[in-house]
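According to the numbering used here, the residues represented by the sequence shown are 709 to 1260, in order.
No farther apart than 30 Å at their CA atoms in a straight line, the calculated lysine-lysine pairs in the DSSO-like style are these:
1) K1231 <-> K746
2) K1086 <-> K1128
3) K1248 <-> K1158
4) K1127 <-> K1158
5) K1060 <-> K948
6) K901 <-> K726
7) K1128 <-> K1081
8) K1248 <-> K1139
9) K746 <-> K1260
10) K1193 <-> K1118
11) K1193 <-> K1171
12) K1127 <-> K1086
13) K1100 <-> K1158
14) K1260 <-> K1231
15) K1260 <-> K1171
16) K1139 <-> K1060
17) K1128 <-> K1118
18) K1060 <-> K1081
19) K901 <-> K970
20) K901 <-> K827
21) K1248 <-> K1194
22) K1060 <-> K1118
Per label pair, the in silico range of CB-to-CB distance:
23) E1077 <-> R1245: 23 to 33 Å
24) L872 <-> K1248: 43 to 53 Å
25) K1100 <-> L927: 48 to 58 Å
26) L1057 <-> K718: 46 to 56 Å
27) I870 <-> S1159: 50 to 60 Å
28) S1163 <-> E1210: 12 to 22 Å
Source of the hints: derived by calculation from the structure; they are not laboratory data. The beta-carbon is built from N, C-alpha and C at its ideal position, and this holds for glycine as well.
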Amino acid sequence: MKKINWSKLKSNTLSTIKAYPIEFLLSICLFITIAIDKETTNWHTENVYNALALLPLFWIASFSLNHFFAAPRLRWVYYSSILLAFIAPFIPIENPINLPYGITWIIAFTVLFACRSQKNNLHFTMDTLRIPYHVAISGILTLALSGLLFGIYASLVYIFEIELFNLDDVRFYLFLFPLSIIAPFLFCLFQEKEQDNYQWIPGRFFEILNNWIVTPAVLAYTTLLYVYGLKILIAWNLPKGMLSYMISIFLFIAVIARACQKLLKKEYYGWYYNRFHLLVIPVLILFWIGILYRIQEYGFTEERVYLFILAILISVIALLSFNSPKVKYLYFLYLVILLLAPITFIPALSAKNIGILSQERRLNSVIEELNLKDPETKRIRMDNIPETLREKSAQQGYERLVDIFQYIMKNTSADYMTKKYGYSSIEALNKGLFADHVPDYIVEETNNIKSYYRSDSYSYDIKGYNQLMHLDFRTDLQNDSLFLKKDSILITAFSINDFFLERPALLQKETSPAEMDSLLYLKNDSCFAFVDFLYVRNKKIETISIRTLLKK
709 MKKINWSKLK
719 SNTLSTIKAY
729 PIEFLLSICL
739 FITIAIDKET
749 TNWHTENVYN
759 ALALLPLFWI
769 ASFSLNHFFA
779 APRLRWVYYS
789 SILLAFIAPF
799 IPIENPINLP
809 YGITWIIAFT
819 VLFACRSQKN
829 NLHFTMDTLR
839 IPYHVAISGI
849 LTLALSGLLF
859 GIYASLVYIF
869 EIELFNLDDV
879 RFYLFLFPLS
889 IIAPFLFCLF
899 QEKEQDNYQW
909 IPGRFFEILN
919 NWIVTPAVLA
929 YTTLLYVYGL
939 KILIAWNLPK
949 GMLSYMISIF
959 LFIAVIARAC
969 QKLLKKEYYG
979 WYYNRFHLLV
989 IPVLILFWIG
999 ILYRIQEYGF
1009 TEERVYLFIL
1019 AILISVIALL
1029 SFNSPKVKYL
1039 YFLYLVILLL
1049 APITFIPALS
1059 AKNIGILSQE
1069 RRLNSVIEEL
1079 NLKDPETKRI
1089 RMDNIPETLR
1099 EKSAQQGYER
1109 LVDIFQYIMK
1119 NTSADYMTKK
1129 YGYSSIEALN
1139 KGLFADHVPD
1149 YIVEETNNIK
1159 SYYRSDSYSY
1169 DIKGYNQLMH
1179 LDFRTDLQND
1189 SLFLKKDSIL
1199 ITAFSINDFF
1209 LERPALLQKE
1219 TSPAEMDSLL
1229 YLKNDSCFAF
1239 VDFLYVRNKK
1249 IETISIRTLL
1259 KK
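Please work from the sequences and hints to get the whole structure.
Pasting the structure below:
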């Protein structure tokens, strides 16, 4: 029987910490931040939230810098990345998470895959596949460790009836510590051990996955897209809206499958992948028709800017990566970073800013089409409103105006809208254009959909409540009950069965801000919740946001 070599285990542990010291320190910072978030409810919540959102990203950045700046004279760049832990709490991150944050993760993983600067395509593919493999193995091992430790503790509590700590708290930390510190350590250990090992022996699972699952699925999907393309030509219709995303996923999987073919013992599908750059042309044409039509029809939005960039990336990669063996996969990652980073991190070039400018051009066009442009102020009219706006024939144009106005308002501010267009909100726009004589086509819509925002213009009597919880709760609507949760733990529940019967003023056309605030609350025997936002369709609550909770 082979004994555990404790000396080797100690040596491997120390060498890994020595090779990845900043990553180890950032893992500890993440553990401390999550613990603070659990143990406190009102201590610098925004800073804690920012740190929680950014520390995992900064860990990836540190790992990448560790490889980019491996030379001794440039090592200070890597060591200075520890400063990221100190600035993370002060970099504002939107809550809830927005699209640029998600794109930042894509950029971070792209940098991670590129950090070894491996130009050999075969070695690049091996390095890239090892990253998700090592993540999965590290996660499985740490989850197994956490489960076993918790099982031992729960057994001790049950057998000896000694519970030194709350069982939920013990479970939380027994999973938190391995996942936040041990899992990243194991990932670094595996990466360190195999970073120069390019002796690849494909396992049976890898062979079956590529030859009998992934590639046949890619072939079937190629056939499906060709059939759909023929259907469009025969019916002379436009592609469906979601087709662009479906094709993006298809091409992404095809590129990965193509790269994996070189790692197999035998390439069964070389005939397909060697001609893929030609086979994909009709699919790309279909792809671009859908994207360009919607941009032409509806203009750019933040999402469409990213989709447009994705279309460029997918087209270049699909056409070039299959065409010539001399093309380096590494350069595609550089292209991803080059195209995505500016529209994510540079405000003037951001996808959000491009979307706003595009929608402003559309809005100006609709304003002129409806004859609503004031010749003096260059904003939307506040008087001399054309009577034709009340006619049913103006409904389609006015609905376009409202949709575009809402998009710009959502991505800017009330002050910006007032300065640019003269109205701060849709409610103000409707009142300014129609006063109390709202056209029928607007009344029909507003009777079905209503939204309410807290304006903090009413003071409540909170006598008897001694605990304040100020954070974003996850709300779960089930039948006539609302459940408030934090970290999947139930905090309290409210009955909303008679919500509007007790607050009929909310359904009236005109409700003052103070009166509205006085009604935006939920209450039970032990808790009082302030409702920040309420979205109602057909007198039924669909979305509710609660950030502040008082407890007795």
